Amino acid sequence: MHLRPNIRAMDLGPAAMVAERSLKVIESAPVGRRYHRLLLEAPDLSARSRPGQFFHLLCRDGAGNGPYLRRPMSIWRCGAGEPLGFLFHVKGKGTAALARLRAGEALSVVGPLGQGFALDPAWRRILILARGVGLATLAPLTGAAAAMGIAADAVLSARDPADLMAEEFAGVSGASVTAVFDADGSSEVARVEALLRARFAAARPDAVFTCGSNRLFLLLQRLSAEFGIPGQVALEQQMGCGLGMCFCCVRQIRDASGAVVNLRVCAEGPVFDLQAALAW
Amino acid sequence: MVDLSTRIGSLTLANPVMPASGTFGPELAKVFDLDALGALVTKSVTPEFRAGNPLPRLCETEAGVLNSIGIPGKGLDHFIEHAMPEWRRFRAPLVVSYSAPTVASFAEGAARLAATPGVAAIEANISCPNLEEDGRAFAMHPEPAAAATAAMRRVVGRAPLWVKLSPNTGDIAAVARAVEDAGADALVVANTILGLAIDIETARPKLGSGMGGFSGPAFKPIALRLVWQVAQAVRIPVIGVGGIATAEDAVEFLMAGATAVQVGTATFVSPTAMLGVVDGLRGFCARKGLARVADLTGAALPTGLPRAAE
Ligand SMILES: Cc1cc2nc3c(=O)[nH]c(=O)nc-3n(C[C@H](O)[C@H](O)[C@H](O)COP(=O)(O)OP(=O)(O)OC[C@H]3O[C@@H](n4cnc5c(N)ncnc54)[C@H](O)[C@@H]3O)c2cc1C
Ligand SMILES: Cc1cc2nc3c(=O)[nH]c(=O)nc-3n(C[C@H](O)[C@H](O)[C@H](O)COP(=O)(O)O)c2cc1C
Ligand code: FES
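Going line by line, the protein sequences match chains A and B. Count the first sequence with this note's numbering and you get residues 8 to 287, in order. Count the second sequence with this note's numbering and you get residues 176 to 485, in order.
Extracted from the complex, chain B is given alone in its bound form:
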């Protein structure tokens, strides 16, 4: 028997596989029993109602997709009142992704979520524009990323606080260290990388809002590199995400230093992809004679460097 259980700070998950924010919803329960997952992750919730971006919001490339969905949603009040009861039907721990335009609204929302029964962890999506910094994403630089994290930590007490980093920064290790120092319990690496596709017949971007976030198989080597760099820069657990479709992909992320993984775009192509990752991880550990999936974490990191998640 392989032990798939995974610890992320004070939280213990039955296995290290969970969905990526924005690519998942309770609708997937029509396809399989969601309690087979290590955790459930909501799409990002915002303080207020948002209509979302102009169409087209998604555009396919050779081995991935560009998206500019614009985080449509009914806001935090509606989420707590109407979506939470539906999420509480599941036993798997619920991670609520939260995104806000200012440091103060990050803190305000995080405080409310931390006080909401059934929220096992908060995943702060700091890849969104910071209205106090000319619309540059919080995650681009260490200072605003740390400011948002510290403000949330001050109000959530000991509630698990994860922070999701962006590839759209020059020095992800510096952002990671700043967010760790500001009190994050874990880092989710990474959000989509900024990209573009142009329709050459109309000479217009293919996405309604121009640029978009790139994800899927072609993004995997970049995300894996980011996990590798971040895992060597911090002591808190890293959750790897970007282009994972199979257990082999997940093993690479674990070996690069991740403690758990998230699966996003792959679910669009195969709604049962996450189940395949869970089964395949069990099989891989058995074949390698590993008793615990946790033993894979950091296995490929250069020796002598501190390992994440110890």
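Chain A on its own, in the form it takes in the complex:
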């Protein structure tokens, strides 16, 4: 697949069909001071959703108030027998409307959309580097890795311990989590670099994954190139259609020949090869 040149691993499965569906909210709860989680009843959609994919949500509260366009949201929880879950930063009017939804109310979703993460069954260990709510996108990867017998090490970066959401990230997957914070300076790029170098030396991962911060993305891109470790990054971009039709969600990506091209985050992404993606 030439669009993701360095991802040779097995995809966690394509989304053959995309549904537009009204789903019942089964849980809606704040997480810490700035975040919120929603669980939806969607047995079939949850079963065919893959880590790294996203849904396009019509952000209207119970009274029908909310912005005109949908908002993209990563799959935070999915799987056979699992509710479909989203974990988000309450940022503007769309996410505020989502946070006002109550159990029993309905939410219109379109998805699953986009290309998710790829895991190679031959891998023994992966490393995950997430900043802020970027951990929502990477969280389902820990479960998928565990199911394939792949150990996951995570470094989570947050403002302070109250913002961390380690429980929301690792769940029951058994991933080992190291936290770094702005509050004590441990999240500075130089200190995260030292931490990662020590990690790579002690227990070299077969692949690395990141989401949520441009600075951490650049750091991981540089280090994994130096160590020759493949990686994947989940990118964000404002969206219109979410389906690949309007070309408003492009990011600059290096193709197999080295040329920089505009690719659609909603269609070719949101997950791209770590070395192919350009900083934003």
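Hints in this document: simulated from the structure, not taken from any laboratory. Keep in mind the model is a prediction, meaning the values are calculated, not measured. For glycine and all other residues, C-beta sits at the position ideal for the given N, C-alpha and C. Mixed in with the good hints there might be a few duds.
Said to hold, decoys possible - Derived EDC-like pairs: lysine to aspartate or glutamate, alpha-carbon spacing no greater than 20 Å straight-line:
hint, chain 1, residue 1, chain 2, residue 2
1, A, Lys100, B, Asp374
2, A, Lys100, B, Glu237
3, A, Lys31, A, Glu48
Unchecked claim - Label pairs and their computed distance ranges (CB to CB):
hint, chain 1, residue 1, chain 2, residue 2, range
4, A, Glu48, B, Lys205, 21 to 29 Å
5, A, Gly178, B, Arg264, 39 to 47 Å
6, A, Pro128, B, Ala461, 51 to 59 Å
7, B, Leu371, A, Gly265, 36 to 44 Å
8, B, Arg379, A, Asp262, 28 to 36 Å
9, A, Leu285, B, Arg379, 20 to 28 Å
10, B, Gly293, A, Arg40, 52 to 60 Å
11, B, Arg379, A, Arg40, 25 to 33 Å
12, B, Pro292, A, Gly265, 30 to 38 Å
Go by the hints and put chain B with the ligands onto chain A.
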């Protein structure tokens, strides 16, 4: 049984509902069977590769969007060679939207598309800048609009040629008549209307390239008015587009004189919106005791004036 079939010149569509250029692609086949639509319309194809405009390319308003996408694409050769095989998988008639910077390149591209198997009609997007007229859009004035249309008509023979008009003109009836006289088979009314949004924190336009085209529900009354004016000015069929999200919206356009409709921005909010319009049109006709959806065309026009599409 309601007859939803629709004639646009020599072309017969199974129903009057199709997507608007630039808001649609084969990707929508992941959501529903595209052959349920009356026709398929590609995003505008240009002669050469175009990278597109700076980001942000889309900005939301209360009831619509501003866009300045910049028609990114790989050009006509790539379209014919690589995109057409994918489009030929569908049975619904394919309308290829084509846009070019000069009269000569409109003619050159139209000739090639008319000779391409699987192209049921050409929709000329003349809202783009005319490089021979200081970058003013062809669709702004009757003369350049007619010149582009006539040049295409000369080379496409009898192939169906639709021309998409712009609201960004003082006298759309005059542009419509000039394009009809120059040989168009149908008029698509209308493209987006020029608009602007400003980020007051940064004192910069919200779109990367400044102004953009406005579309969506808030644009509907303007588009409907344009269809009403054009339908009374020409005898060729008018295809209505602008803010249509429901069958009720579509009925308004048909009653204002449209023969068919296109749905654009609404697909972003509800990817299945077009299916709802098809079903709803059937239901509306049944409720009104109409045997044919075509009977709705021009139903609201002042009596005594010539009806479009007869
Ligand atoms: C594939 C994908 C997955 C995502 N997953 C998550 C997730 O799991 N959890 C989460 O909290 N957020 C996620 N986001 C970001 C989320 O979509 C935005 O935070 C949301 O759209 C903001 O909407 P709003 O109406 O609340 O804010 P708005 O009022 O629309 O915007 C508030 C601010 O956020 C900016 N913004 C809006 N949309 C985006 C966007 N898509 N990307 C970057 N900035 C944006 C605006 O420019 C503005 O400055 C994801 C984005 C993408 C593209
Ligand atoms: C994102 C976007 C891209 C568009 N691109 C094109 C295009 O390439 N060619 C064209 O003729 N019209 C283009 N249009 C205009 C639409 O085809 C349509 O005329 C307009 O949006 C009004 O319809 P709507 O309100 O249903 O969207 C575009 C509109 C949008 C929103
Ligand atoms: S959001 Fe429309 S192409 Fe990605």
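Cross-check of the supplied hints:
Distance hint between Lys100/A and Asp374/B is fulfilled; the C-alpha atoms sit about 16 Å from each other, no more than 20 Å. Between Lys100/A and Glu237/B the alpha-carbon distance is near 12 Å, which keeps this suggested pair within the 20 Å criterion. Distance hint between Lys31/A and Glu48/A is fulfilled; the C-alpha atoms sit about 6 Å from each other, no more than 20 Å. For the hinted restraint 21 to 29 Å between Glu48/A and Lys205/B, the CB-CB distance of approximately 23 Å keeps it satisfied.
Between Gly178/A and Arg264/B the beta carbon distance is about 42 Å. The supplied range of 39 to 47 Å therefore holds. Between Pro128/A and Ala461/B the CB atoms are about 56 Å apart, so this pair conforms to the stated range of 51 to 59 Å. Hint check: Leu371/B to Gly265/A, Cβ distance near 38 Å, so the stated range 36 to 44 Å holds. For Arg379/B paired with Asp262/A, a C-beta distance near 31 Å keeps the hint of 28 to 36 Å intact.
Checked against the given bound of 20 to 28 Å, the beta carbons of Leu285/A and Arg379/B, roughly 23 Å apart, stay inside it. For Gly293/B and Arg40/A, the Cβ-Cβ distance of about 57 Å falls inside the hinted range of 52 to 60 Å, so the restraint holds. The hint said 25 to 33 Å for the Cβ distance between Arg379/B and Arg40/A, and at roughly 31 Å that hint holds. In this structure the hint that Pro292/B and Gly265/A lie 30 to 38 Å apart at CB holds, the actual value being about 36 Å.
When held up to the earlier numbered hints, the structure conflicts with none and fits them all.
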